[in-house]
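Engineer: Take a look at the letters that make up each chain.
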Amino acid sequence: MNRGLTLFVGILATFTLAWAGLVLIPYLQFGRVTDYVSEETGQTLPPPMSGLAQRGHEVYAAEGCVYCHSQQVRGESQGSDLARGWGVRRTVARDYIGERPHFLGTMRTGPDLSNIGRRQSSVEWHHKHLYRPQSVSPGSVMPPFRFLYSLRKIVGEPSADALKLDGLDAPPPGWEVVPTPDAKALVAYLLSLDRSYPLPEAPTE
Amino acid sequence: MTSPSSSSSPKGPKAALADALDRAAIDASCRLPVLLFFGSAIAWLLVGSVFALLAAIKLTTPEFLADHAWLTFGRVRPAHLNAVAYGWSSTAAIGVAIWLMARLCRVPLRHARILVAAAVLWNLGVAIGVTAILAGASNAIEWLEFPTYAAFILFVSYAFIAVWAVLMFRERRPGHVYVSQWYIFGAFFWFPWLYSVVNSMLVFWPVQGSVQAIINWWFGHNVLGLWFTPIALASTYYMIPKILGKPIHSYYLSILGFWSLALFYSWNGGHHLLGGPIPAWLQSASIVASVMMLIPVITTAINFHMTMRGSFALLRTSPALRFTVFGAMCYTVVSAQGSSMALRSLNKLTHFTHYTIGHAHLGMYAFFTMTMFGAMYYITPRLVRWEWPSAFLIKAHFWLASTGILLMVVSLTLGGLIQGIELENPKVPFLTIVAHTIPWLHARSWSGALLTTGHLAFALSFVLILLRTGKQREGPTLFTKERSFP
Amino acid sequence: MDPEKKPSPERGASEMDVAKVHGALLREKQEPCDGMAPIPLWLMTAILALAFWSGGYLFFYSGGFRGDVFNESQIAWGYAPTAPGKAKDPLAIGKRVYVANCASCHQVTGLGQPGTYPPLADSDYVNGPSSRLAAIVLNGITGPIKVHGVVYNNNMPAWKGLLKDDQIAAVLTYIRQEWGNKAGAVAPEGIAAKRAAWATRSTPLTEPEILAIPPEELPGTSSAAPSSDGTPPGKAATAAPVTPSR
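Chains as they are written, first to last, in our numbering: chain A, 1 to 205; chain B, 1001 to 1486; chain C, 2001 to 2246.
Hints listed in this document are in silico derivations from the structure and should not be mistaken for laboratory results. C-beta atoms are modelled at their ideal positions from N, C-alpha and C, and glycine is treated no differently. Each hint should be verified, as a subset may be incorrect.
Pairs of lysine-lysine residues, derived as DSS-like cross-links and limited to a Cα-Cα distance of at most 25 Å, are as follows [claimed, not checked]: (1) A:Lys184 / A:Lys164; (2) C:Lys2182 / B:Lys1014; (3) C:Lys2029 / A:Lys164; (4) A:Lys184 / A:Lys128; (5) C:Lys2146 / C:Lys2182; (6) C:Lys2182 / C:Lys2164; (7) A:Lys128 / C:Lys2164; (8) A:Lys153 / A:Lys184; (9) A:Lys153 / A:Lys164; (10) A:Lys128 / A:Lys164; (11) B:Lys1395 / B:Lys1348; (12) C:Lys2182 / B:Lys1427; (13) B:Lys1348 / B:Lys1246; (14) A:Lys128 / A:Lys153; (15) B:Lys1246 / C:Lys2182; (16) C:Lys2029 / B:Lys1395; (17) B:Lys1014 / B:Lys1246.
Chain B side only, calculated, beta carbon under 10 Å to chain A, not exhaustive [to be verified]: (18) Phe1152; (19) Trp1399; (20) Ser1402; (21) Thr1437; (22) Glu1474.
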């Protein structure tokens, strides 16, 4: 192999082959699926994300939740995701059509969050958990996200959305802990995560 | 023995001297750009090690430095990955590749200015990118966290390097093109194609979620397979025969190894998504390609092993050879492990666990980084025209790095297996699994401390040789006191 | 840095002071070259074997190369995938509903979590009157609740918006017969009646409110678990599926 040209053509060809196989064909085959309108309920699936949840999606990206949490449920033959209650069916391509960027993840230091909005639908719980995870899950290694909350002096009446914290986390008397807009958006995003609706390619029964 | 007469040119001492003078001219022409790449690589290695330690400690002690948004785990971890992947690994790889290109094209390096500009731009891009991640501007796409502006700077810098490589290859002295050059040539084309295709489909004009995931991991795996691995193999293919003074065992095996790597490695990406929301055929295609990777790996292993045969004693003396061969052996191990992890039955245990992190470090550190250390130990004295000032520092570096990475891989592998087996059993509560991984994560933090100490020893050595400290040595700096380096 | 432009001391052996060439360069071996050993026969054989395996694997586990087949063992060369018919056994459905919705708090073991989520195994609320149990699941709970003398304090969401009558009936039947519990199966029509009764309630219940509900069995509830011969309830269920009376 002494000819630069031979080398170049070979290098180009092998690369192009893989590009066609792993990028182009997938894009043509399932990269343009559209949402599905359920005949039974008339619902658009997956349901479009609210503006607030969309902002929460950005906070999720910035804080790197994806390095500890996956958002994909594997089928019965591949792990115990379903048996653990992380979903009612495996997730499929259509579940992610609105996700930019995708949060499929590769690590489960924490549980899968594909359906967390259904599993844990209490706003209060999520705020408490984000503020200091160990307060609701003793022994957790999830980092606290206290910097998404602000401590402020109560002026007049306490805020309606102040966290109900007790024990270690309770603010000094006369002070309150309130979620920043980022924290509110993040919780709205978490609550929107529910991929348990049936799809033709992924029935739930 | 170091007298010129013992130099092994078959043509006699006169020709040997002429060869040495040619090499001297080549090395002198490489000095500035290569040392610039090496120096910045080592600086990024230290930065990356600090982020790694922070992330490791945070994973066992979540309250550690928890109140600073810039230092939350989810930012420090990608900062570590990008600092070591783009700051250390890529920069070291480019430095080594430039020198190998010049040596193998047998002409002094031209257009050094292009490379100097590329080095400056590259470091600027990495610095901006890492800062952006810490500031919360990350894309949150693994291996591609750099926001558009930083990615763009890297791309421009890379374009300079690719143009330089083509010019250099065209100006080579006619004759045989050695296997190391094929790999470098391939890497220099593959990486910019990949980086631009992937960035445009994920960051500039993002496609739908599942397709993003497959492109993400096509990149994540190719950056190893078509960028870091080829350059490390190029270096190994050069260093082993060069230091031993023997031909490489088989030209045919070299050809088979190169083309099978080019063909199969680029199809591996899908095995990061087994069971995930991509069609079954994509998963199966990647599994098949991952298993077929056994072909280039076994081929290359035979080629290296047969070349080394009869010369293993040299590992006791030569630092460059010892680091390189350590890396080559780990290449075989990590690739075989990778093929096995792609099988569905094993993957369902190891996926999403620390086992995978152990595998990644076996590849990027035990194989790639150790090979780069070996190459730098060989190249730097020739550029600086000074021998390494301290054998002790090199020895400390080797033992800290090798025991450190061993401890890391063993603890993550065992911890990951326990995690995977317990995750398989839905009756084990999640927090119990978390508790069971913690001792292994502590061991990993300690291994990180060993590695970081090793990096400090290496950085110190590097500064000392640049400053030309110590007395001028005649012979090379070796692990053992023997004067007779063959 | 361009060596062509600057007069370089290393050019030309004649004017060259040999000592100036670095020792490392002088003792260096020749540039690497190639040996010509052939490729071993066993390697060729192994490659052929691998290629053969690959072809087979791709044929059998690629779901017909379709974009909408995700399950590798669902071979689909040309025919549309059909989901395998799942049992209509209420215990099996109940288990699926439980695992998907309840297990993250009450755990797969039914033991709950200390201080926050009460156990379901051997709980009086679960084994007791189905009217209260159904009310809890339909409306959710807020605030402290005592089970076996231990207080648990957290929130449970209302499920009436998320689960259908037969799903709630199935999950209640499941929890009343798993982990050693031995209460009777709950029927969908009982849930439907309760749902109508609670239709206007929009906030979760508290413990005093639950205890105020008259203890009665819902219409269609069978009196006890089908097996009292000591076989684990899960097993008994497969042997003798519970058919809710209609």
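Engineer: The structure should be examined with respect to each hint, and the outcome stated for every one.
Structural biologist: Status of each hint after checking the structure:
1. Between A:Lys184 and A:Lys164 the alpha-carbon distance is near 15 Å, which keeps this suggested pair within the 25 Å criterion.
2. A distance of roughly 98 Å separates the Cα atoms of C:Lys2182 and B:Lys1014; the hinted pair therefore is violated under the 25 Å criterion.
3. The hinted pair formed by C:Lys2029 and A:Lys164 fails the criterion: a straight-line CA distance of about 74 Å is larger than 25 Å.
4. Between the alpha carbons of A:Lys184 and A:Lys128 the distance comes to roughly 12 Å, so the proposed pair stays at or under 25 Å and holds.
5. Between C:Lys2146 and C:Lys2182 the CA atoms are separated by roughly 21 Å; this keeps the pair inside 25 Å, and the hint holds.
6. Proximity of C:Lys2182 to C:Lys2164 is assessed by CA-CA distance (about 24 Å); at most 25 Å being required, the pair is judged to hold.
7. Restraint check for A:Lys128 and C:Lys2164: the C-alpha separation of about 30 Å exceeds 25 Å, so the hint is violated.
8. Simply put, A:Lys153 and A:Lys184 have alpha-carbon atoms about 20 Å apart, close enough for the 25 Å limit, and the pair holds.
9. Among the hinted pairs, A:Lys153 with A:Lys164 is consistent with the structure: their alpha-carbon atoms are about 15 Å apart, no more than 25 Å.
10. Simply put, A:Lys128 and A:Lys164 have alpha-carbon atoms about 8 Å apart, close enough for the 25 Å limit, and the pair holds.
11. Straight-line distance between C-alpha atoms of B:Lys1395 and B:Lys1348 comes to about 40 Å, which puts the hinted pair past the 25 Å bound.
12. Proximity of C:Lys2182 to B:Lys1427 is assessed by CA-CA distance (about 21 Å); at most 25 Å being required, the pair is judged to hold.
13. This hinted pair does not check out: B:Lys1348 and B:Lys1246 have alpha carbons roughly 45 Å apart, beyond 25 Å.
14. The suggested pairing of A:Lys128 with A:Lys153 holds, with an alpha-carbon distance near 19 Å, which does not exceed 25 Å.
15. A C-alpha spacing of about 79 Å is found between B:Lys1246 and C:Lys2182, which places the hinted pair above 25 Å, so the restraint is violated.
16. Distance restraint check for C:Lys2029 and B:Lys1395: the Cα-Cα separation of roughly 24 Å lies within the 25 Å cut-off, and the hinted pair is therefore satisfied.
17. As the CA atoms of B:Lys1014 and B:Lys1246 are separated by approximately 21 Å, the hinted pair is consistent with the 25 Å bound.
18. Look at B:Phe1152: its Cβ only gets to about 18 Å from chain A, farther than 10 Å, so that hint breaks.
19. Among the interface hints, the one on B:Trp1399 is violated; its C-beta lies about 31 Å from the nearest C-beta in chain A, farther than the 10 Å criterion.
20. Interface hint status for B:Ser1402: violated, as the beta-carbon distance to the closest one in chain A is roughly 26 Å, over 10 Å.
21. Because the smallest distance between the Cβ of B:Thr1437 and any Cβ of chain A comes to about 8 Å, under 10 Å, the interface hint for this residue holds.
22. Because the closest C-beta pair between B:Glu1474 and chain A is about 38 Å apart, greater than 10 Å, the hint is violated.
Checked against the numbered hints given earlier, this structure breaks hints 2, 3, 7, 11, 13, 15, 18, 19, 20, 22; the rest are met.
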